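Participant: Residue numbers for the sequence shown follow full-length UniProt numbering, so the first one is 1 and each next one is one higher.
Just so you know, the hints here were simulated from the structure itself, not pulled from any lab data. Any given hint could be a false lead.
Ranges of calculated distance between the beta carbons of each label pair, as one might list FRET restraints [stated by the list, open to error]: (1) T70 / N122: 14 to 20 Å; (2) R127 / A21: 17 to 23 Å; (3) I72 / R116: 18 to 24 Å; (4) R71 / G99: 17 to 23 Å; (5) D15 / E76: 15 to 21 Å; (6) S24 / R90: 26 to 32 Å; (7) I72 / T37: 27 to 33 Å; (8) P38 / R116: 16 to 22 Å; (9) F33 / V13: 29 to 35 Å; (10) S57 / S117: 25 to 31 Å; (11) A68 / S121: 20 to 26 Å; (12) I27 / R78: 16 to 22 Å.
With a straight-line cut-off of 25 Å between C-alpha atoms, the simulated SDA-like cross-links for lysine to any residue are [to be verified]: (13) K111 / T22; (14) K111 / D63; (15) K111 / I27; (16) K111 / F33; (17) K111 / P59; (18) K111 / V86; (19) K111 / P30; (20) K111 / R90; (21) K111 / G99; (22) K111 / G101; (23) K111 / G28; (24) K111 / A64; (25) K111 / T29; (26) K111 / V123; (27) K111 / T61; (28) K111 / G40; (29) K111 / D100; (30) K111 / S24; (31) K111 / A52; (32) K111 / L20; (33) K111 / N36; (34) K111 / G34; (35) K111 / A21; (36) K111 / R87; (37) K111 / S39.
What you are looking at is a predicted structure, and each value in this text was computed from that prediction instead of being measured. We put the CB at the ideal spot given by N, CA and C, even for glycine.
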Amino acid sequence: MAAAAVPANAAPVLDSGAVLATASQYIGTPYRFGGNTPSGFDCSGYTQHVFAQNGISIPRTADAQMDASTRISASEARPGDLVFFVRGGRAYHVGIYTGDGQMMDSPRSGKSVTERSIWGSNVVYGRF
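Use the sequences and the hints to build the structure in full.
Facilitator: Laid out in structure tokens, this is it:
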């Protein structure tokens, strides 16, 4: 039986294991406002870079990433999905869901990329 053909314009399939492996390589990288390279990341620069390293192009800002993602419920979230922190309908922070209520993110000035518990009550999950 022949394999089904994949359209040339089909979106890449996310390999969550590869995304998490890439994301974990940057633990300890310092936060840098506007940063999107391994010398320093802000939250959305980190997620954009990790996804790009895995062949997935996503927008630059947390809010644009949320808008471009497919929204999913917390119960549907799986490792490799994005976690958005929302105020006034706009995402102001983003991290990569690692499972069991945890995420990897680049938190804020003076901190570095880390894995930590998801905090806050206004959280939205998205998938690419």
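Participant: Against this structure, judge whether each hint is valid.
Facilitator: Okay, the hints, checked on the actual structure:
| no. | hint | result |
| --- | --- | --- |
| 1 | T70 / N122: 14 to 20 Å | 19 Å, holds |
| 2 | R127 / A21: 17 to 23 Å | 18 Å, holds |
| 3 | I72 / R116: 18 to 24 Å | 21 Å, holds |
| 4 | R71 / G99: 17 to 23 Å | 19 Å, holds |
| 5 | D15 / E76: 15 to 21 Å | 18 Å, holds |
| 6 | S24 / R90: 26 to 32 Å | 28 Å, holds |
| 7 | I72 / T37: 27 to 33 Å | 29 Å, holds |
| 8 | P38 / R116: 16 to 22 Å | 20 Å, holds |
| 9 | F33 / V13: 29 to 35 Å | 33 Å, holds |
| 10 | S57 / S117: 25 to 31 Å | 29 Å, holds |
| 11 | A68 / S121: 20 to 26 Å | 24 Å, holds |
| 12 | I27 / R78: 16 to 22 Å | 20 Å, holds |
| 13 | K111 / T22 | 19 Å, holds |
| 14 | K111 / D63 | 21 Å, holds |
| 15 | K111 / I27 | 11 Å, holds |
| 16 | K111 / F33 | 11 Å, holds |
| 17 | K111 / P59 | 23 Å, holds |
| 18 | K111 / V86 | 21 Å, holds |
| 19 | K111 / P30 | 6 Å, holds |
| 20 | K111 / R90 | 23 Å, holds |
| 21 | K111 / G99 | 22 Å, holds |
| 22 | K111 / G101 | 20 Å, holds |
| 23 | K111 / G28 | 8 Å, holds |
| 24 | K111 / A64 | 24 Å, holds |
| 25 | K111 / T29 | 9 Å, holds |
| 26 | K111 / V123 | 21 Å, holds |
| 27 | K111 / T61 | 19 Å, holds |
| 28 | K111 / G40 | 11 Å, holds |
| 29 | K111 / D100 | 23 Å, holds |
| 30 | K111 / S24 | 16 Å, holds |
| 31 | K111 / A52 | 23 Å, holds |
| 32 | K111 / L20 | 20 Å, holds |
| 33 | K111 / N36 | 15 Å, holds |
| 34 | K111 / G34 | 14 Å, holds |
| 35 | K111 / A21 | 21 Å, holds |
| 36 | K111 / R87 | 22 Å, holds |
| 37 | K111 / S39 | 13 Å, holds |
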